[in-house]
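Asker: Next come the chains, spelled out residue by residue.
2 protein chains.
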Amino acid sequence: MGWGDLGAFGEPSKETPNLDQMASEGMLFLDFYTANPLCSPSRAALLTGRLPVRNGFYTTNAHARNAYTPQDIVGGIPDSELLLPELLKKAGYINKIIGKWHLGHRPQFHPLKHGFDEWFGSPNCHFGPFDNRAFPNIPVYRDWEMIGRYYEDFKIDLKTGEANLTQIYLQEALNFISKQQASQQPFFLYWAIDATHAPVYASKHFLGTSQRGLYGDAVREIDDSVGKILKHLQKLGISENTFVFFTSDNGAALISAPKQGGSNGRFLCGKQTTFEGGMREPAIAWWPGHIPAGGVSHQLGNVMDLFTTSLSLAGLQPPSDRQIDGIDLLPAILQGKLIDRPIFYYRGNEMMAVRVGLYKAHYWTWSNSWEEYSKGIDFCPGQNVSGVTTHTQEEHTTLPLLFHLGRDPGEKYPLSFASDEYQRAMEQISVVVQQHKATMVPGEPQLNVCDKAVMNWSPPGCEKLGKCLKPPKSDPKKCFWPH
Amino acid sequence: MGWGDLGAFGEPSKETPNLDQMASEGMLFLDFYTANPLCSPSRAALLTGRLPVRNGFYTTNAHARNAYTPQDIVGGIPDSELLLPELLKKAGYINKIIGKWHLGHRPQFHPLKHGFDEWFGSPNCHFGPFDNRAFPNIPVYRDWEMIGRYYEDFKIDLKTGEANLTQIYLQEALNFISKQQASQQPFFLYWAIDATHAPVYASKHFLGTSQRGLYGDAVREIDDSVGKILKHLQKLGISENTFVFFTSDNGAALISAPKQGGSNGRFLCGKQTTFEGGMREPAIAWWPGHIPAGGVSHQLGNVMDLFTTSLSLAGLQPPSDRQIDGIDLLPAILQGKLIDRPIFYYRGNEMMAVRVGLYKAHYWTWSNSWEEYSKGIDFCPGQNVSGVTTHTQEEHTTLPLLFHLGRDPGEKYPLSFASDEYQRAMEQISVVVQQHKATMVPGEPQLNVCDKAVMNWSPPGCEKLGKCLKPPKSDPKKCFWPH
Chain A
1 MGWGDLGAFG EPSKETPNLD QMASEGMLFL DFYTANPLCS PSRAALLTGR
51 LPVRNGFYTT NAHARNAYTP QDIVGGIPDS ELLLPELLKK AGYINKIIGK
101 WHLGHRPQFH PLKHGFDEWF GSPNCHFGPF DNRAFPNIPV YRDWEMIGRY
151 YEDFKIDLKT GEANLTQIYL QEALNFISKQ QASQQPFFLY WAIDATHAPV
201 YASKHFLGTS QRGLYGDAVR EIDDSVGKIL KHLQKLGISE NTFVFFTSDN
251 GAALISAPKQ GGSNGRFLCG KQTTFEGGMR EPAIAWWPGH IPAGGVSHQL
301 GNVMDLFTTS LSLAGLQPPS DRQIDGIDLL PAILQGKLID RPIFYYRGNE
351 MMAVRVGLYK AHYWTWSNSW EEYSKGIDFC PGQNVSGVTT HTQEEHTTLP
401 LLFHLGRDPG EKYPLSFASD EYQRAMEQIS VVVQQHKATM VPGEPQLNVC
451 DKAVMNWSPP GCEKLGKCLK PPKSDPKKCF WPH
Chain B
1 MGWGDLGAFG EPSKETPNLD QMASEGMLFL DFYTANPLCS PSRAALLTGR
51 LPVRNGFYTT NAHARNAYTP QDIVGGIPDS ELLLPELLKK AGYINKIIGK
101 WHLGHRPQFH PLKHGFDEWF GSPNCHFGPF DNRAFPNIPV YRDWEMIGRY
151 YEDFKIDLKT GEANLTQIYL QEALNFISKQ QASQQPFFLY WAIDATHAPV
201 YASKHFLGTS QRGLYGDAVR EIDDSVGKIL KHLQKLGISE NTFVFFTSDN
251 GAALISAPKQ GGSNGRFLCG KQTTFEGGMR EPAIAWWPGH IPAGGVSHQL
301 GNVMDLFTTS LSLAGLQPPS DRQIDGIDLL PAILQGKLID RPIFYYRGNE
351 MMAVRVGLYK AHYWTWSNSW EEYSKGIDFC PGQNVSGVTT HTQEEHTTLP
401 LLFHLGRDPG EKYPLSFASD EYQRAMEQIS VVVQQHKATM VPGEPQLNVC
451 DKAVMNWSPP GCEKLGKCLK PPKSDPKKCF WPH
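Just so you know, the sequences run in chain order A and B. Going by the UniProt record's numbering, the letters in the first sequence line up with residues 1 to 483, in that order. Going by the UniProt record's numbering, the letters in the second sequence line up with residues 1 to 483, in that order.
Mixed in with the good hints there might be a few duds.
Which copy is meant is left open, so a pair is good if it fits within one copy or across any two.
[Said to hold, decoys possible] Here are the computed lysine to any residue pairs in the SDA-like style, where the Cα-Cα straight-line distance is at most 20 Å:
hint, residue 1, residue 2
1, Lys14, Val296
2, Lys14, Lys337
3, Lys437, Ser210
4, Lys259, Ser386
5, Lys412, Asn384
6, Lys14, Leu358
7, Lys235, Asp475
8, Lys231, Thr247
I should point out that these hints are in silico values taken from the structure, not numbers from a laboratory. Predicted model, so just to flag it, every value in this text is computed and none were measured.
Please build the complete structure, drawing on both the sequences and the hints.
Answerer: This is the structure we're talking about:
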């Protein structure tokens, strides 16, 4: 989902009344970012409070390449990483993940081995259908064991776009919340639904209801579901004791637009890129009785902050034995403070850009390769900013491209290198970047090696279902990451 | 000002709290258009309820060229046109225009000859400063006579961007409203301020207050002024008896961006073009006690509708002796109805495109000429949609380019000519276009002839001020309209 997909963020169909109301009852974050313009690293960053280049969710197979956890990925979240649910346990929280895990699907990476108490969902994207010979269909887990597979037991009709997965995930959330309220135990619910990812789907009730086509139907179903979750909290009388945050893991996938992809509004390019369209996210905080209604924040925020902020809410400190990139947003949320902090835009192993205040400096620019572009893969459809949306990796480390995101949120007008404004801004930014690079200790890259033998052939529980498949012989190879 | 310049429409700095509140207390129109992507024809259409091609505000000097009323224009609003204030007089309304008139500056075109009772403002844009030899500075009128000139008596500091014009226009509005309330006479106030037009200015209090630079300062001053006007109506106890509508005359002038131009959000291109960025406008209706608060309308609306709607509010019928293009929006505003009607996108003498429902068909495409483009004149900076943002005038009358504005508000993905959807939509659209063309009787074009002798050399009142200038000899010529 992209920054521009919600009514509150200017989507011209304005079809998200529940999320818009969530914003009007809570706080809208207009300058909120992901840690990486792709799913897995973004989610790893959210749960560890650390940049993917630290927690291992990146590749060194090639320069500045996005990597994630397809079925044949060998790596996953290292045991050495401390995840938010692991830490929340210390404060008595019960932790549940509903939906897409995406931090590795081999046994040692299972979410219940990393702090979650419950899981309902899948380890990978709902790509498919697969033939269970070259690729197995993705399993759906309840806790330790799979209970079926996408397309087989959990239907997704690619022709009509019908699937009731979001409804299933919604019901799972409502049930969990009810259970926790009844037992009066504090809880952390990570509601990581995989809609609106392509192939896009919505349940029957929502199909054809949006001006925006199937993608809009999926957004409307999410909007409706969030509304139901918030109302459920209110009905149970725990809304003033429950902090809710809504955001996305990367910008809209313009490569799938307009039928299967959303919108990043006026921002440049989309998912996979380190332009604003790839990394600025819709974000809303909600906590009736605590967050002043109708608030708007320009605090530079990041999904990694949800780690630190959640710990703070639970009365916990972040780990002190490692670098944590997320900050505690509570002063911004509850007192309207603005905390000075940079935003780093990474693509794989490279810091592509940095934002300090309203300035954004690009140290590298790249949309994707000419080779990919010539095949019709376009991360910036209809957009072309000369020297900026480049199809070769362009290095600007000695003279970064500088944009003022207040006057030019679309990154169309680089500041003149000769201007006083450029000099003044870069003096400040250079210090931030030097310090960041000087103290950067990259983690061991987890997304370098792929092997078809590690696919979801025989997840735990497959025997009971008669759904175990025979893996091929192990043949580990360097994963190929094209962009 | 563009669709994307207000917080309520997704401007990422969200710096328009008063307009946003106006929207939350009133109704937001998301599909509201101007009748022409340029100032004069748009304003002529608003005040006559008729397309510029009917009321004469167009040129036949060349195909599909935008034209307006610079200082050397010979034409203006014809006497045969019936303007909104002329008609409102019949219902006892006192009519005032504050700001830019732009419907011709020769004596016969004076606003007080066309229904207005009072005028404070200028006949043309605040371009300048001029040297009063080749070009006179633009006069500012109070009613029948000029009271000074821009840059001379009404300061605009082009270096700092400081000018208190919006404050003067605000005070004029507040005074007029107070006077009307005191005399209990119904009134029509056309508050046609010329900010945010380039050269952009703001008063001292607002300079440097926006994240968006000087342009944002100007927007903030307008926002603040609108807030003060609405509060004034409330304080006087007449807000429930006063209908207020906020909109713009054309899309943001991207050619002046980012320092002197605004934003059309996710829409394609800007002012001068018939893409959405040139013609879709921010629009808010406000009438406490009548319009349900927080309303959102997808009614296809047009500035011409303000003519018909205003008449309806005054209990009057539109003239029956001529074609009126504006419709009465009250059923949409008060009862949430959706009235089926097309939007025609004209550029000069040519119908470039039409919108029917969510479909928009381009019969002609043009951004501007290669010659202009090569000089750096770019109406679509950073945007390039192959075969759409063309630099030659491309005719598509036999096979229009079709877009679905719900799925694709940015006009990036023309529908396949071979698709069923294309066939179905075009069948419907063709009927609408045929009917429109068959009944179209163009008015006499007013914007064909230019003559330096007609400039504002010696406006009425100049003698008293010692500000009369000697006009050159009359030398009428065809005006040159490059785009």
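Asker: Please go over all the hints and tell whether each is borne out by the structure.
Answerer: Right, here's what the structure says about each hint:
In this assembly of identical chains, Lys14 and Val296 lie within 20 Å of each other by CA distance both inside one copy and across copies; the values are 18 Å within and 8 Å between. In this assembly of identical chains, Lys14 and Lys337 lie within 20 Å of each other by CA distance solely across copies; the values are 17 Å between and 29 Å within a copy. In the homo-oligomer, the alpha carbons of Lys437 and Ser210 never lie at most 20 Å apart, since the shortest distance is 46 Å inside one protomer and 32 Å across protomers. In this assembly of identical chains, the alpha carbons of Lys259 and Ser386 lie at most 20 Å apart only when taken from different copies (19 Å versus 27 Å within one copy).
When the C-alpha separation of Lys412 and Asn384 is checked against a cutoff of 20 Å, the pair qualifies both within a copy, at 9 Å, and between copies, at 13 Å. With identical chains, the CA atoms of Lys14 and Leu358 are at most 20 Å apart between copies only, with a shortest distance of 14 Å across copies and 27 Å within one. Taking identical chains as interchangeable, the C-alpha atoms of Lys235 and Asp475 are never at most 20 Å apart, the minima being 53 Å within one chain and 78 Å between chains. Proximity of Lys231 to Thr247 under the C-alpha cut-off of 20 Å is restricted to the intra-copy arrangement: shortest distance 18 Å within a copy versus 36 Å between copies.
Of the numbered hints given earlier, the model fails hints 3 and 7; all others are met.
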